[in-house]
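Q: The lines below spell out each chain.
Protein chains: 2
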Amino acid sequence: MGTAPAPCLQGAGIFISCYIWYVKQEKMFKFQIIKSDRESLARTGEITTSHGKIQTPVFMPCATVGAVRGISPQELKELGFELILANTFHLYLRPGEETVKKFGGLHQFMNWDKTILTDSGGYQVFSLGAGNRSKERTRLVKIEDQGVIFRSHLDGSRHQFSPAKVLEIQKSLGADILMVLDDCTPYPVSHQEAEESMARTHLWAQKSIEIWQKNKNSGQALFGIVQGSVYRDLRLKSAEFISNLPFDGVAVGGVSVGEEKSKMYEVIKWVGPRLPKDKPHYLMGVGEPQDLIFAAKYGFDMFDCVLPTRLGRHGTVWVTQNFKKFTKINLRKTSFASSKEPIMKGCPCPACHKGYSRGYLSHLIREKEMLGMRLATLHNLSIIQQLLKKIREKV
Amino acid sequence: MGTAPAPCLQGAGIFISCYIWYVKQEKMFKFQIIKSDRESLARTGEITTSHGKIQTPVFMPCATVGAVRGISPQELKELGFELILANTFHLYLRPGEETVKKFGGLHQFMNWDKTILTDSGGYQVFSLGAGNRSKERTRLVKIEDQGVIFRSHLDGSRHQFSPAKVLEIQKSLGADILMVLDDCTPYPVSHQEAEESMARTHLWAQKSIEIWQKNKNSGQALFGIVQGSVYRDLRLKSAEFISNLPFDGVAVGGVSVGEEKSKMYEVIKWVGPRLPKDKPHYLMGVGEPQDLIFAAKYGFDMFDCVLPTRLGRHGTVWVTQNFKKFTKINLRKTSFASSKEPIMKGCPCPACHKGYSRGYLSHLIREKEMLGMRLATLHNLSIIQQLLKKIREKV
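If you're matching them up, the sequences are chains A and B in order.
Here the first sequence stands for residues 45 to 439, where the numbers follow the working numbering.
Here the second sequence stands for residues 45 to 439, where the numbers follow the working numbering.
Just so you know, the hints here were simulated from the structure itself, not pulled from any lab data.
Because the structure is a prediction, the values reported are computed rather than measured.
Just to be clear, a hint being listed does not mean it is correct.
Since copy identity is lost for identical chains, a pair holds within one copy or between any two.
In silico SDA-like pairs for lysine to any residue, Cα to Cα no more than 20 Å straight-line [claimed, not checked]:
1) 146 / 399
2) 384 / 155
3) 146 / 385
4) 145 / 399
5) 398 / 119
6) 307 / 329
7) 209 / 254
8) 145 / 81
9) 398 / 122
If we strip away everything but chain A, and leave its shape as in the complex, we get (with noise of 0.2 Å):
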């Protein structure tokens, strides 16, 4: 049997009540910089979203289809993965965002309770749609100012983006944090392509602010992207511009051109010193352990990458004496077939520390196990999540 609650319980009632919607109206998205060294642009600092809070500077692996390949998010959790980022476009072919959206989420579809970041699936557009060379980007592709028109590479089916429609896809799929439809400028490119093809952006990075600031989800948050190509007024230009926008943060795209390595640095180097300060900097689709290094002392919070889990699943490690100089070796190769030595000594991993040797790792890579890939690729997570934590630690 109840009693009628104390009029003093039922104003603590209404009172808690009222701040939790006071709470939940609050715009969920943070960045609050914890530190910043002395002798570069390195900084600490803590991204707050409604999935948690992330210790920056972080790498997020890919979830490509909805899953980081082979790693299940109670793995990611383990190795201390706070954010992951999902591939806008290949949710929205299969299974599609409608069908994302009835689970509830791209959370609850697959099953990770903490941040996630969805691209805005332009640049799979155009790498799909185009590969590198721009005399071929007509092919599958048409590029308009409001959009770009492109087919499925798995049924011919014809798509539009936009940068309405890629907002309402990622706004379905329920990101934390979301990015800006973008004009990915094929490498190389003469400066006047990469001129007309960082305009275009502009105006796509104009216009999503515009529906953005319309009918944003106060939980969510939406980051613009600076292009330019390897041209030092484009980019500085181009940082400007999406600088000046009340974007939540501002990525840096079109760096990862090749092997050329020194025109990466050199963009970085251009680019980093002119981004705002009190805004998370995320360097796109860079992740090989020496970029991430020096990308982290020019500012740089955020990163994404393949890298570690496609290398993982063809066999080929990370390993370091010192976390400042890395090798790649190929497990593959034979010469590691009769190694009873971990990949790496002292390494925390699942692979190293639970005691599997280069020699069956090698064995199980040959015969195309998905044990061997699995391992390799919690290893390659494991190194950049070391990397990370010793990153944020020196500064």
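Could you slot chain B onto chain A? The hints should help.
A: This is chain B only, laid out in the frame that chain A set:
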């Protein structure tokens, strides 16, 4: 500063050393019946090897190339498996038993410290070399009373397996339970051919025992194999012949003959009652839940099959309400695309218990994503493990 031990301590030390030596010399393989059913031949038992104790009836997951596809030893232990099967044929070809031996044997190589049974490799030689058709048996395989000559399916190189050779290989691999070479009769086959094949199996069994008794490793056990195709007289003759040899256990081979379940059930009914009560009975290549239930009633204690892992990799999973009737469902079907249900309600497996939906798994399987294959495999292995537990409890 130490002092010399008192004479009584010295004596105790010597006694303990002698006892340890005695235990090491003692044959490590033991089989003990714990409980026998009143209404059938079913029994529960305990196998002891130098790598632990195993409750029977038991199912052995197949670690074909030295790994249960996609599943780590740690995960197998968490599912409660105490015994796995590894394939001599595959490990002989790659990485080679000498390589495995350098690691200290298969346990160290694959990081599994519980019991391992290795097959003789005969089945693979005959099935890869000959398919199921009698006429093609000569294509890749030459069968003589000395053994069988075959070409590698990997590089076409020529190899010979004899009763002595397969024991040598398995000893090098360091298995706890070894299987003799048998002539795997094709199906369908005439009575005459089946009888010739059985006679060769018996000849090889006799040879194997002779070799084994001369130079066996005290920690390892050897099982014989009953053949005889689908002919009652041959099966009874073979059961008697193999049962009378001093093997540590008796296996029954060649029962999985295509889709004809009735033939398999007949063989089980004929042979089950004729096997020596005090030795473990191993029904080779059987893994459908319904067949395990049937065979356990006829006194079979050990089973192996690639089915749980192979079905799982292709997205097919078992579901059951009472562990008496089982249904196979193919998650690949788009009818599961929107299902928020787990594969099976109340199932404690890592897929169902951790909250993955049929819809998400369906998406992953259709995308050929490793995580989906793994979760479906873990579910199937868990179902089989739960079933075996219920079979043991029911005796």
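Q: A separate judgement is required for each hint: does it hold in the structure or not?
A: For each hint, the structure was consulted:
no., hint, in the structure
1, 146 / 399, "between (42 Å within a copy, 16 Å between copies)"
2, 384 / 155, "between (36 Å within a copy, 11 Å between copies)"
3, 146 / 385, "between (48 Å within a copy, 13 Å between copies)"
4, 145 / 399, "between (41 Å within a copy, 17 Å between copies)"
5, 398 / 119, "both (14 Å within a copy, 12 Å between copies)"
6, 307 / 329, "within (14 Å within a copy, 58 Å between copies)"
7, 209 / 254, "within (13 Å within a copy, 76 Å between copies)"
8, 145 / 81, "neither (42 Å within a copy, 53 Å between copies)"
9, 398 / 122, "both (14 Å within a copy, 15 Å between copies)"
Against the hints set out earlier in the document, a violation occurs for number 8 only.
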